[in-house]
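Protein chains: 4
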Amino acid sequence: MSMTEPDRAPHGVAALFERTRSRSAMLAARLTPEDMVVQSMPDASPAKWHLAHTTWFFETFVLAEFEAGFRPHDPRFAHCFNSYYVQAGSRHARPMRGMLTRPSAAEVFGYRAAIEARIAALLIDARPADRDEIERRIELGCHHEMQHQELLLMDILHAFSLNPLEPAFLSPAPIMMEPHDSLADWHAFEGGMVEIGAAGGFHFDNEGPRHEAFVPPFRIAGRLVTAGEWIDFIEDGGYERETLWLSDGWYAAQAAGWQAPLYWRKAEGDWWTFGLRGTQLVDRDAPVHHVSYYEADAFARWAGKRLPSEFEWEVAAHSGSDDGNFVDGLYLRPRPPAGRTGVRQMLGEVWQWTRSAYAPYPGFRPATGALGEYNGKFMVNQYVLRGASFATARDHARATYRNFFHPHQRWAFSGLRLAEDL
Amino acid sequence: MSMTEPDRAPHGVAALFERTRSRSAMLAARLTPEDMVVQSMPDASPAKWHLAHTTWFFETFVLAEFEAGFRPHDPRFAHCFNSYYVQAGSRHARPMRGMLTRPSAAEVFGYRAAIEARIAALLIDARPADRDEIERRIELGCHHEMQHQELLLMDILHAFSLNPLEPAFLSPAPIMMEPHDSLADWHAFEGGMVEIGAAGGFHFDNEGPRHEAFVPPFRIAGRLVTAGEWIDFIEDGGYERETLWLSDGWYAAQAAGWQAPLYWRKAEGDWWTFGLRGTQLVDRDAPVHHVSYYEADAFARWAGKRLPSEFEWEVAAHSGSDDGNFVDGLYLRPRPPAGRTGVRQMLGEVWQWTRSAYAPYPGFRPATGALGEYNGKFMVNQYVLRGASFATARDHARATYRNFFHPHQRWAFSGLRLAEDL
Amino acid sequence: MSMTEPDRAPHGVAALFERTRSRSAMLAARLTPEDMVVQSMPDASPAKWHLAHTTWFFETFVLAEFEAGFRPHDPRFAHCFNSYYVQAGSRHARPMRGMLTRPSAAEVFGYRAAIEARIAALLIDARPADRDEIERRIELGCHHEMQHQELLLMDILHAFSLNPLEPAFLSPAPIMMEPHDSLADWHAFEGGMVEIGAAGGFHFDNEGPRHEAFVPPFRIAGRLVTAGEWIDFIEDGGYERETLWLSDGWYAAQAAGWQAPLYWRKAEGDWWTFGLRGTQLVDRDAPVHHVSYYEADAFARWAGKRLPSEFEWEVAAHSGSDDGNFVDGLYLRPRPPAGRTGVRQMLGEVWQWTRSAYAPYPGFRPATGALGEYNGKFMVNQYVLRGASFATARDHARATYRNFFHPHQRWAFSGLRLAEDL
Amino acid sequence: MSMTEPDRAPHGVAALFERTRSRSAMLAARLTPEDMVVQSMPDASPAKWHLAHTTWFFETFVLAEFEAGFRPHDPRFAHCFNSYYVQAGSRHARPMRGMLTRPSAAEVFGYRAAIEARIAALLIDARPADRDEIERRIELGCHHEMQHQELLLMDILHAFSLNPLEPAFLSPAPIMMEPHDSLADWHAFEGGMVEIGAAGGFHFDNEGPRHEAFVPPFRIAGRLVTAGEWIDFIEDGGYERETLWLSDGWYAAQAAGWQAPLYWRKAEGDWWTFGLRGTQLVDRDAPVHHVSYYEADAFARWAGKRLPSEFEWEVAAHSGSDDGNFVDGLYLRPRPPAGRTGVRQMLGEVWQWTRSAYAPYPGFRPATGALGEYNGKFMVNQYVLRGASFATARDHARATYRNFFHPHQRWAFSGLRLAEDL
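Residue numbers (this note's numbering), protein chains in the order written: chain A, 489 to 910; chain B, 489 to 910; chain C, 489 to 910; chain D, 489 to 910.
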């Protein structure tokens with residue numbers, strides 16, 4: 489199938505809305521009211537905040553503009569649940585989100601239900617002249633909420649990792665003991681002038697405008713780097729050899745004492761990892777994840793390769809097979825690659841660091857108003873990740889998607905694939 | 489009445505235990521499960537942690553030693569709920585207490601009930617040879633829990649102050665508009681060789697040994713410094729005049745931007761404060777509180793006076809009248825002084841900073857074992873506060889009690905009384 | 489003249505060496521031994537360290553490999569004066585460079601003289617088979633030293649700015665009061681497939697390999713942004729309007745309290761700046777400098793334009809006129825643009841921020857060994873600046889040169905030029 | 489001899505002034521101009537700053553008030569060289585003192601010579617009515633300068649310790665290999681009501697007023713704790729056993745990674761230390777120094793003893809023998825105790841931590857004006873050290889002297905003596 493134009497919204501926006509909101513509820517159902525309060529670091533947010541903020545988004549950018557006789561559900565919520573939309577008013581300081589013991593989880597679920605009912609009514613009652621814009625904004629809100637679903641899983645995993653009881657989001661699943669795929673297959677691409685960026689279908693503003701770019705010839709690995717290969721890197725002194733590292737990366741690694749991916753620990757000779765299914769043995773055949781850009785770059789240098797550019801990745805994705813492992817299947821852990829040929833594991837499994845700094849495409853212009861703050865103002869100091877992860881919604885994955893994190897961040901479900909010049 | 493020997497345990501230890509445990513439950517009942525998770529700063533602890541830790545204290549220091557066939561309620565709790573008792577095993581890092589979303593509030597209440605039943609049974613079944621030591625330890629555990637009750641109130645107030653919804657622990661109470669007592673009365677004491685420290689009845693190890701000390705003659709104010717007087721200090725440039733301050737205090741005040749006591753803010757020309765009863769106008773006739781040692785010292789210098797030593801305070805307390813405002817009455821706010829003569833407001837209202845660094849009394853020896861870690865290891869860098877506050881249990885207040893905080897800390901219910909050389 | 493291939497080394501490497509070393513000595517001659525010790529922030533280095541480190545470079549990478557019977561001048565210097573060459577042995581911690589009161593300035597000048605004599609002898613005596621590589625390395629060492637000459641000026645300016653006596657590196661020069669060039673002229677370029685990178689002549693490894701790139705059509709300003717325009721930005725609330733800023737930039741600006749470029753201050757209604765010629769009025773017609781990438785980006789957004797990419801800049805530079813103001817002329821301050829037409833101020837005056845993250849060119853491979861650490865390991869988190877400044881040596885300026893700093897750094901002589909899509 | 493009233497000023501104030509100023513010059517003569525610039529940490533100051541600040545003190549507090557037609561030597565110096573006298577005007581930020589490359593060392597020596605000449609002239613020409621106050625202030629200025637002489641040695645040692653060349657202030661001296669005095673002798677004192685504080689002769693304001701205090705009976709060790717005993721402490725796990733430590737001390741030790749006294753390191757099985765005479769083997773029989781209060785307290789607990797109070801120390805000092813090792817002798821390192829009986833090593837060798845928090849004596853009132861800022865505003869968070877060190881001037885040592893540092897500080901020449909209850 490074509491990966492660039494997935495059937496994103498089967499049965500339309502109303503169904504997408506219903507599907508998205510239900511997924512949030514399903515994820516939240518596995519958490520206690522207390523779990524939903526905690527903010528384990530400034531980069532993370534409480535689950536309750538994610539649930540309320542995504543609701544505030546619909547309230548602010550859909551209802552407030554299109555609902556007749558709009559009144560806010562609770563006028564105090566705007567301050568609590570605005571994230572970073574400067575033009576949408578004041579906001580609660582980000583590192584203080586964990587202080588929001590009130591409103592309670594129950595109140596937030598009530599907020600969600602009320603806004604959902606009002607959105608449903610609006611979809612029925614909207615003036616024809618408004619309908620297109622309403623649907624466009626609801627679709628945007630759904631994708632916004634799908635982003636926050638993955639953040640919720642990242643954030644609750646981080647919080648659980650700091651709890652001595654080691655709570656598991658889901659029960660453990662057995663590790664598939666398939667024969668080790670010891671060597672990745674490589675695939676050559678000619679490059680040249682290529683079309684980059686979203687052509688149609690839903691996409692964020694940062695995926696456009698679609699434009700021409702020149703890509704020199706390259707080769708790319710058919711699968712992701714595995715945890716077993718990462719163990720080889722560790723055992724070969726990967727975390728001790730300064731010459732493998734970018735200078736900023738080396739200092740970050742030393743300051744934080746990195747010796748392995750986030751959540752890994754060695755016990756009795758084996759490597760264990762803490763994930764959404766609790767503490768388990770590292771699955772050596774599955775893709776490594778919870779590595780930073782710095783680590784991914786050092787690994788690539790150690791392997792004598794490099795990370796792909798985001799354009800190379802996008803070119804390769806057009807010939808990729810979609811064997812995705814998404815949050816919809818609730819496996820919540822990456823799987824070893826299926827088969828041995830072809831460009832596999834492009835969507836689903838884990839996000840893939842590219843060597844591309846996050847920057848605007850030629851001709852990029854943010855939307856006007858608060859919605860224009862969605863992406864553009866983060867276009868500095870971050871690197872693009874492509875693909876999607878086991879925690880991404882199938883509706884949300886596409887080949888033109890540009891995810892981004894700072895190069896030291898490790899709590900995303902982030903791994904890597906190797907590339908090289910041809 | 490004599491303030492040094494309050495009737496601490498009417499009807500014995502079993503009644504004290506019952507009274508103490510019930511008070512914790514009563515305070516907790518005003519909080520949601522989510523409120524109980526939050527840790528708003530490293531100095532503070534979550535309410536749930538206080539509730540569990542005080543229970544762990546009874547389990548570890550009473551049941552584990554005296555209950556036949558003891559088995560821990562949950563073997564993982566020791567790590568979670570040990571505070572700082574090195575000799576009692578490993579412990580969860582203090583700044584990470586807010587990560588304890590599990591065990592849930594419900595589980596902690598279950599833990600409390602189970603341990604209470606086992607303590608009650610032990611009090612009936614204990615071997616006669618053990619009874620004295622069991623009762624001694626339960627009494628200690630009750631006083632330990634009463635300390636944590638006040639900490640719980642301090643900590644939840646701090647957490648609520650960071651919530652934009654400004655939750656109130658209790659509903660507002662009207663401010664009593666009595667005529668302003670503009671001048672404090674002063675009381676002279678001859679001093680000389682005096683007896684200091686606890687002579688009998690329950691007391692912590694740091695209150696002894698009772699010993700002789702030499703106290704030069706002094707005068708002490710009959711009442712606490714009021715919020716109105718503090719406003720005078722502010723308006724006279726108290727927070728801007730470096731020469732009023734200790735050098736360390738000045739740097740602390742500048743670094744943190746202090747302009748008034750903690751939780752005060754000025755709006756529309758009036759001073760407001762956030763307390764356990766929510767946001768209210770500052771009561772000018774009531775004692776100022778939420779001031780640090782540094783601020784108290786600067787105020788005293790501004791007033792041409794000084795803080796009393798803890799020995800002076802204790803000498804004066806013997807002639808004080810006990811008009812206490814304790815947590816038992818649930819007023820949860822300090823009151824203006826009653827009457828106009830005599831040494832008033834010694835116990836209850838607010839803790840009173842003294843000029844005495846927290847240090848061991850001559851001959852002090854901590855108890856052996858983990859219980860000996862209770863006080864001694866904190867005897868550096870802190871200053872003694874005497875009295876008790878509106879958030880202290882009546883059972884817990886006594887004239888020999890030595891509370892202590894670092895000189896920059898402000899989240900305690902801490903005020904001051906002036907003194908001077910005679 | 490062609491800007492891409494300046495006559496970099498008239499009369500050969502020996503003359504370049506002589507010219508470069510003399511320039512360092514000439515700059516150092518304006519400093520006292522005490523000035524040369526100081527390290528005013530971790531990013532900066534002492535002048536003495538620059539003088540010794542550049543000498544160590546010749547000793548280590550030329551003499552140690554090619555001089556017969558090589559013995560180090562002082563075996564302890566390698567540890568003191570290695571900057572970051574991991575493969576060249578241990579090194580003194582960077583933030584501790586200001587502790588190097590010993591060796592003295594006199595000893596360092598002696599070190600310089602001794603190594604210069606040995607290099608001169610080697611240039612005469614070298615085996616013919618070695619001569620090419622020796623000359624190549626000496627040329628590299630000269631360019632390395634020219635970089636450090638500019639760093640020395642940046643660093644001593646920063647140090648002097650923190651001295652209450654406000655020492656001036658050079659005496660003040662009058663500000664030329666020419667008529668204000670109120671509107672920049674704009675120049676259109678077609679773009680398309682272009683050749684980027686160094687084709688020949690001396691260049692650093694990061695300037696290659698020369699390669700094809702696709703550049704969409706664009707327009708670029710004929711001159712640099714002036715200080716007067718920057719004052720307009722300030723007065724229009726540029727530093728107070730969050731929506732003009734990248735998110736990371738806003739937080740950096742708030743945390744550091746930026747209100748104007750580094751070294752600017754307002755006094756009695758006028759803007760003053762501290763520079764290598766002491767404290768002077770801001771020259772409104774001259775290029776603004778000491779601005780960070782964040783500020784440059786915010787200014788461009790305010791102006792409705794954007795920064796050029798480094799490729800756009802390089803394309804435009806081919807048609808630029810070379811009216812350079814370099815360190816050779818010792819003007820040490822940027823000048824207003826000369827004339828009113830053409831792409832001016834491309835080399836000399838101030839470094840120009842581009843929107844391009846510092847990254848390897850396609851096919852980039854660092855040299856092997858310690859010299860390969862020169863550039864590659866810094867290719868993250870930094871942005872490319874093009875051009876050169878009034879503190880750059882004429883020998884060192886070229887159109888393919890890629891300078892780089894972190895986006896928050898301001899102590900470089902960094903300004904900006906605007907661009908826009910065509 | 490009586491230790492409480494040393495013959496402080498033989499031949500009068502003029503001779504004291506001459507002797508003190510010459511000592512500073514003699515110490516400075518061992519440093520290069522570059523050495524004199526460096527500030528190695530915020531707690532330390534550059535040598536040049538000490539030399540200028542002590543001169544500013546005479547200029548400001550003597551000449552400016554008593555010299556006819558006073559004009560400042562350089563009006564900019566007041567801002568540069570005021571330390572913390574708020575009432576004496578603005579001052580350069582303390583952590584920025586290392587930026588003062590100008591004025592040069594030569595200018596500072598010129599400043600010193602000029603002020604010395606003016607003071608000498610004033611001593612001859614002063615109006616009789618002023619003479620007493622002038623002499624009083626010059627004497628104070630001399631003692632102030634002697635304090636700074638010791639600080640200069642502390643500070644330059646710290647700076648040298650961070651230089652990879654390990655410069656020595658003075659050439660090494662052989663370690664005296666006397667037989668190890670394995671057990672300290674103990675001396676009992678009855679205590680009771682005693683007189684504490686300075687009775688006459690020069691003293692700082694914090695040494696008075698002389699007053700009565702009650703001291704319970706105690707015993708005190710006849711000599712200081714030795715480096716050999718400290719090695720026993722290390723080898724017995726002193727730095728790893730949390731129960732030996734005050735809570736704040738444990739966290740300080742862990743955060744800073746303390747494993748031994750400051751400047752100690754273990755190499756090839758031996759303990760080495762860096763001191764004013766360079767790197768030498770630890771002298772096991774000499775007093776340990778460069779230990780913090782936290783370490784001294786932990787050592788005492790390990791030894792089953794405690795630190796003396798400052799009153800106990802002062803009582804014992806009256807019967808001490810004065811076998812002092814002062815800066816006058818330029819030995820610059822502590823010596824093993826001489827003899828085996830009596831209370832030895834009370835003055836000279838190393839400063840001795842007491843258990844007494846630094847606080848005002850009863851009735852203490854700082855002087856009015858800027859000179860009153862000398863001591864009082866530091867009376868919080870610090871602990872008293874008694875005695876004097878090998879870096880103290882003989883003129884400056886006395887039994888009532890109260891030195892003080894924060895409990896985590898280690899760069900003073902600070903050791904300890906044990907005590908216990910009788």
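There could be a bad hint or two in this list.
Identical copies look the same in the list; a pair holds intra-copy or inter-copy alike.
[Stated by the list, open to error] The calculated SDA-like cross-link candidates involving lysine to any residue, where the alpha carbons are at most 25 angstroms apart (straight line), are: (1) Lys754 <-> Glu700; (2) Lys754 <-> Gly577; (3) Lys754 <-> Thr767; (4) Lys754 <-> Gln742; (5) Lys754 <-> Arg698; (6) Lys754 <-> Phe690; (7) Lys754 <-> Phe597; (8) Lys754 <-> Pro563; (9) Lys754 <-> Glu553; (10) Lys754 <-> Asp816; (11) Lys754 <-> Ala581; (12) Lys754 <-> Met584; (13) Lys754 <-> Gln635; (14) Lys754 <-> Arg828; (15) Lys754 <-> Ser578; (16) Lys754 <-> Arg579.
Honestly, the hints are just simulated from the structure, not real lab data.
Verification of the hints:
1. Lys754 <-> Glu700: Answer is neither; intra-copy 47 angstroms and inter-copy 47 angstroms both fail.
2. Lys754 <-> Gly577: between (47 angstroms within a copy, 23 angstroms between copies)
3. Lys754 <-> Thr767: Within one copy only: 12 angstroms inside, 41 angstroms across.
4. Lys754 <-> Gln742: both (19 angstroms within a copy, 24 angstroms between copies)
5. Lys754 <-> Arg698: Result: close neither inside a copy nor across copies, 46 angstroms intra and 46 angstroms inter.
6. Lys754 <-> Phe690: Close neither inside one copy (43 angstroms) nor across copies (49 angstroms); limit 25 angstroms.
7. Lys754 <-> Phe597: Cα proximity of Lys754 and Phe597: none, with 40 angstroms in one copy and 36 angstroms across.
8. Lys754 <-> Pro563: For Lys754 and Pro563, only the inter-copy Cα distance (23 angstroms) is at most 25 angstroms; the intra-copy one is 50 angstroms.
9. Lys754 <-> Glu553: neither (54 angstroms within a copy, 36 angstroms between copies)
10. Lys754 <-> Asp816: So Lys754 and Asp816 fail the 25 angstroms test inside a copy (31 angstroms) and across (52 angstroms) alike.
11. Lys754 <-> Ala581: Between. Shortest inter-copy distance 21 angstroms satisfies the 25 angstroms Cα cut-off; intra-copy 37 angstroms does not.
12. Lys754 <-> Met584: Answer is between; shortest inter-copy Cα gap is 22 angstroms, intra-copy 34 angstroms.
13. Lys754 <-> Gln635: neither (32 angstroms within a copy, 40 angstroms between copies)
14. Lys754 <-> Arg828: neither (30 angstroms within a copy, 56 angstroms between copies)
15. Lys754 <-> Ser578: between (45 angstroms within a copy, 20 angstroms between copies)
16. Lys754 <-> Arg579: between (42 angstroms within a copy, 21 angstroms between copies)
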